[in-house]
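Those sequence lines, one after another, are chains A and B. Going by my numbering, the first residue of the first sequence is number 84, and it counts up by one from there. Going by my numbering, the first residue of the second sequence is number 523, and it counts up by one from there.
What the hints contain is simulated information worked out from the structure, not anything from laboratory work. Keep in mind that the hints are not guaranteed to be accurate.
[Claimed, not checked] Some but not every residue of chain A turned toward chain B, in silico, with C-beta under 10 Å:
1. R96
2. D120
3. S180
4. W211
In this text, a Cβ means the ideal position worked out from N, Cα and C, and glycines have one as well.
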Amino acid sequence: MTLLRREITCMWRRPSYWLVMAVLSFLLGWIALVMTDLLLAQQTNTGPLASMSLANQLITPFFSVVSLVSLVLVALLAGQLLSAERAQGTLVCLLHSGLGDMRVMAHKFLALLLLVVPLLVPVAVALWGWSGAAALNWPVVGWNFLAWLLLLLWFSALSVWLSINMSQPGLAALLGVLLLAVLWLAGQAGGGAEWGKNWLRVFSPRSHFEWIQHGIVPLSSLVFFVGGGVVLFGLAVMALKRLRVA
Amino acid sequence: MLLGPNGAGKSTLLNALAGLLLPDNGQIKLVFRPADDDSAQEKEYLCQRHDISAWNRHTAYMPEHVRLLPRLSVHETVSHAAYLKTGMMNTQAVKDVLALCDLQKHAHRPVETLSLGYRQRVGLACALVHRPLLLLLDEPMNGLDPENARYFVDILKRLKSRHIILMSTHLLDQLADLADRVVVMHNGRIAGELSPLSVEHGDTSKAGLLRQWQLAFAGGLTTEIRQRIEALCPIMKTMPKAVVVESDPERNRQLMQVLGPLGLYAVSPYRDSGPVPEGGAWFSAYRHILHRASEDIST
């Protein structure tokens, strides 16, 4: 049984995982339903021609909600992946393993991403429903998916790093959510400032996420998500190495 | 076999040998001659900070309290341990080690439903599954009932020919059966080495050599402690944190069992002139007594 499979098996056998997934899926489904109602009401008022752009106006805000929900899930799961192992004392098996630090962390990281995958189901259902009501602009959907994926990778790396440095899973999850909220709000705070002076936005995942959502992929956003993700993952690997030879 | 009182450094040494702690200075090197190699060439592995995973592939460590992931079955746990050590799946090795530890019947039970004895067996199976050269066991039989402890001793006896085993223990009656060498630790250093035979003889015959023993308590004497001692043997002398009793090895074992949870941390031989020797280094004294016992028997 590989480490990746172990993580997924353990999480799938936890009732709390299913409870959280059910709550989040219900939340996403509910939001999608409310948005669909809005689409149908607008179609009745403005006629079928206007509905094309309306459908696309729903996609971006919906993906923003999906992204935030999935990030909260990542923060909760990451706490269980490493901090919980420290708390239970099972981390010694990993520390005394013959696998390299990078491999251990890669398995943990992949497991975290795969555990978020079930959230794709309500997203797929919502998109399928909207595509029946109006023609969707698939490139817009693609940009939104890309923005979500990059944000997810970056935040997963951040959460894994927080988790390996904490011995309390609840605290790791809480800190992850708090950090996300601060960085997200930082992007909003810098929003009104003149370009060049709004430095807060450069450090906020929100700004980079929104640019990519609108089909703009500046180098700074790629550096932020990909470079930042790689650095945070590297820090997590180093933290594991430090724990191994304390 | 590693012997020593609490705080002697046994677990620290085992952790260092397991690669979980690196020494401030010096090196940890595993030098061995493979039994199946006629060329008799010695091989060696070095425990290095930058490549600790390579060291881990040749060693196995079983802590005193084995921690297992509760939601996995026994088979999944052992199979995962095999992967962690070698990076590969080895179904046959998992089957073999489950058979060795008599766990086939429980292979599909979640580990959270197992008793302590079976959990320790799963821990041992995890340690053995990659066929390590060096097997490190930190008081593996602590808390086990006599039946499971006996079973554990039987398994370890079978493993002696296949692995280099280093085990720490407080239980002297296991030594004669299991140990080839008995190393006594005190204050982080090796205080001496005993032959298992002398331990065995000492356990059974030293009653005639020494009758008075000093029992020292970490938290001082209480009424309960006094009552428990008096139920087993007479108290000869009382000190602020210790008593001198008239006892024998069999009764000492009972005293250790009864008084261990109440803070008993040292049992030293006692003469009228005072404790032997000073400083609570009871193992040195114990060693002296055991040697005297074995000499006495041999003459």
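Do the hints match the structure? See the list:
1. R96: At about 4 Å, which falls below the 10 Å cut-off, the nearest Cβ of chain B leaves the hint on A/R96 intact, so it holds.
2. D120: violated, 41 Å
3. S180: Where the cut-off is 10 Å and the nearest Cβ of chain B is about 4 Å from A/S180, the hint holds.
4. W211: Interface hint status for A/W211: violated (34 Å vs cutoff 10 Å).
Of the hints listed earlier, those the structure fails to meet are numbers 2, 4, in rising order.
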